[in-house]
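Trainee: Okay, so the sequence shown: first residue is 1 according to the UniProt record's numbering, each after it adds one.
No wet-lab data here; the hints were simulated from the structure.
Wrong hints could be hidden among the right ones.
As the list claims (entries may be wrong) - EDC-like cross-link-like pairs, simulated, lysine to aspartate or glutamate; straight-line CA separation at most 16 Å:
no.: 1; residue 1: K144; residue 2: E96
no.: 2; residue 1: K144; residue 2: E97
no.: 3; residue 1: K190; residue 2: E248
no.: 4; residue 1: K190; residue 2: D236
no.: 5; residue 1: K33; residue 2: D59
no.: 6; residue 1: K190; residue 2: D136
no.: 7; residue 1: K181; residue 2: D231
no.: 8; residue 1: K48; residue 2: D72
no.: 9; residue 1: K181; residue 2: E97
no.: 10; residue 1: K33; residue 2: D14
no.: 11; residue 1: K185; residue 2: E97
no.: 12; residue 1: K48; residue 2: E26
no.: 13; residue 1: K262; residue 2: E248
no.: 14; residue 1: K185; residue 2: E151
no.: 15; residue 1: K142; residue 2: D72
no.: 16; residue 1: K33; residue 2: E56
Said to hold, decoys possible - Label-pair ranges, simulated between beta-carbon atoms:
no.: 17; residue 1: D165; residue 2: S10; range: 41 to 47 Å
no.: 18; residue 1: Y162; residue 2: I221; range: 51 to 57 Å
no.: 19; residue 1: Y247; residue 2: P222; range: 25 to 31 Å
no.: 20; residue 1: G232; residue 2: S256; range: 20 to 26 Å
no.: 21; residue 1: L196; residue 2: N22; range: 47 to 53 Å
The model shown is predicted, which means the values in this text are computed figures rather than measured ones.
From the three backbone atoms N, C-alpha and C, an ideal C-beta is built for every residue, glycine too.
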Amino acid sequence: GELGIAQSVSFLLDMVYFHGNNKSAEEIELALKCHIGRIVVDNFHELKMLGEIAKETGDTPDILLRLSPGVDPHTHKHLATGVVDSKFGFPLFSGEEAVAQAMSAPNLNLVGLHFHLGSLIFEAEPYRESIEFILDFAAEMKQKYDFQLRELNIGGGFAIQYALDSPSPPISFYAEAIASKIISKCRELKLALPRLIVEPGRAIVGQAGVALYRVGVVKDIPGVRCYVSVDGGMADNLRPALYGSKYEAVVANKVSERGAGKVTIAG
């Protein structure tokens with residue numbers, strides 16, 4: 001998997017944050033053997049398994065707990081991962097039990113909290129709202145268990161532009177909203193500022209390439225639609241069918257020519 005890819009390119013493994021809602025025992029053993037930087041624990045099953053394996057190996061990994069703040073990120077329902085009904089993370093109402101178990105485990109070192117709201121988030125408010133909930137929770141855990149929030153990982157999800165009519169905000173838009181909220185909320189709760197971790201993926205590489213197709217059959221249904229079939233489809237881009245995603249298309253070898261009309265591209 002991704003951990004193997006990181007190893008194959010000699011990536012610094014102490015910088016890796018190991019995610020996953022279904023980590024196997026073998027993957028956890030490999031992560032401990034490689035001295036992964038952080039293991040982001042996703043559920044009680046994993047928390048128990050990690051504690052047992054770490055005890056056997058004599059390791060004490062640094063971990064974060066992934067929480068689901070229950071915030072609507074105002075994106076496609078299939079892209080929302082920080083809601084209560086999600087395969088990812090501990091619901092916030094289970095967070096205290098997760099903290100208690102993690103802090104009582106002799107071979108686990110709880111250093112922070114993580115959340116990830118979803119993908120293609122165009123607004124700042126879901127981040128601000130989630131930070132509010134998570135820092136309130138951290139302050140409560142500090143009072144009850146002397147939990148010190150050294151790291152706060154807010155995931156990613158920053159939107160990028162796929163279509164001309166859907167421009168995305170600049171990174172500075174998210175940065176200002178997230179940083180200012182953390183600073184003001186920590187000041188309010190008298191918490192030390194945690195190290196902020198951000199995990200942009202799509203926002204970094206999403207516009208780094210293009211998909212190139214060859215036009216085949218053109219089927220014109222007069223008064224209805226003109227279909228242009230290309231040599232590709234769901235096997236190489238599932239997003240239009242799965243999420244209703246939109247893209248901009250150009251005729252690559254006729255970019256300078258005027259458009260002949262509106263067509264529907266089909267795989």
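Trainee: Please verify whether K190 and D136 have alpha carbons no more than 16 Å apart.
Mentor: 11 Å, holds
Trainee: Can the restraint linking K190 and D236 be considered satisfied, given a maximum Cα separation of 16 Å?
Mentor: 50 Å, violated
Trainee: Between K48 and D72, does the CA-CA distance stay at or below 16 Å?
Mentor: Roughly 29 Å between the alpha carbons, so the hint for K48 and D72 is violated.
Trainee: A range of 47 to 53 Å was offered for this pair. Does it hold for the Cβ distance of L196 and N22?
Mentor: 27 Å, violated
Trainee: So the hint says 25 to 31 Å: do the beta-carbon atoms of Y247 and P222 match that?
Mentor: Hint holds: Cβ distance 26 Å, inside 25 to 31 Å.
Trainee: Straight-line Cα separation of K190 and E248 no greater than 16 Å?
Mentor: 48 Å, violated
Trainee: Between K33 and D59, does the CA-CA distance stay at or below 16 Å?
Mentor: Status holds; Cα separation ~9 Å.
Trainee: Look at the Cβ atoms of G232 and S256 and judge whether their distance stays inside 20 to 26 Å.
Mentor: At 24 Å between Cβs, range holds.
Trainee: Is K48 close enough to E26, meaning Cα to Cα at most 16 Å?
Mentor: 15 Å, holds
Trainee: Please work out if K33 and D14 have their alpha carbons no farther apart than 16 Å.
Mentor: Judged against 16 Å, a Cα distance of about 11 Å means the pair holds.
Trainee: Taking only the CA atoms, is the gap from K181 to D231 under or equal to 16 Å?
Mentor: Violated, at roughly 48 Å.
Trainee: Within a Cα-Cα threshold of 16 Å, do K144 and E97 meet the stated pairing?
Mentor: At roughly 12 Å apart (the allowed maximum being 16 Å), E97 and K144 satisfy the hint.
In this structure, the earlier hints numbered 3, 4, 7, 8, 9, 11, 15, 18, 21 are contradicted, and the remaining ones agree with it.
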